[in-house]
Amino acid sequence: KLDDHASIKDFGAVGDGTTDDTAAIQRAIDELYSDSDQDDTRSRRILFFPAGTYRIASTLTIPPYAHLVGEGPDKTIIRQSGAVGPVAVTEDDDGNTYGSIGTASATTPTQITIEGITFKNMEAYAGFSVDCATHVRFVNCKFQGTYTSGGTDAGNSKGVTVRSTTALPSSNIIFD
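Quick note: the sequence shown, position 152, residue 137 per this note's numbering, numbers continuous.
Hints may be right or wrong, so weigh each one.
Result set (SDA-like, lysine to any residue): computed pairs, CA atoms no more than 20 angstroms apart in a straight line [unchecked claim]:
#1 K143 x V124
#2 K60 x Q129
#3 K(-6) x G57
#4 K(-6) x K60
#5 K143 x T131
#6 K60 x G0
#7 K60 x N125
Source of the hints: derived by calculation from the structure; they are not laboratory data.
Here the structure is a predicted model, which is why all the values come from computation and not from measurement.
Throw the hints in and build the complete structure from the sequences for me.
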């Protein structure tokens, strides 16, 4: 089953808007996509989020080759409250995030597809942070939060942030 499709509920996520689903969601993502022995075959796997509101209390990390699919914006919602950071951020396959991505020959964030999910941040941080990533595609997604229209250009005024380094520029980020 893990070779092609799994539901987030198979890992214990509830999606009722009150249960903290952080651990279940991160465990599912890590088990499906953070296996350094499988490289490109991971891109075949789909992690499905049935309709519901998945409450999280810390930032989710999204590794290379992740393919997350919900039932549509406003149907599948990942809602963060109480954490200091975005709802989700890209990472390399060794679990490193911005500033350490790609160290020790780790596979940098690449070939990530996210479909039909609302990223809702109840705090003053971005919905999603694409860091040092290539070939990332968002299809029919929504980014919702406390962002200020016409406000200063700060991390808390954006639904999505894209960060790069000179050595690892982000590229081919598509919003469809």
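Each hint tested on the structure:
no. : hint        : in the structure
1   : K143 x V124 : holds, 18 angstroms
2   : K60 x Q129  : holds, 13 angstroms
3   : K(-6) x G57 : holds, 17 angstroms
4   : K(-6) x K60 : holds, 15 angstroms
5   : K143 x T131 : holds, 9 angstroms
6   : K60 x G0    : holds, 11 angstroms
7   : K60 x N125  : holds, 12 angstroms
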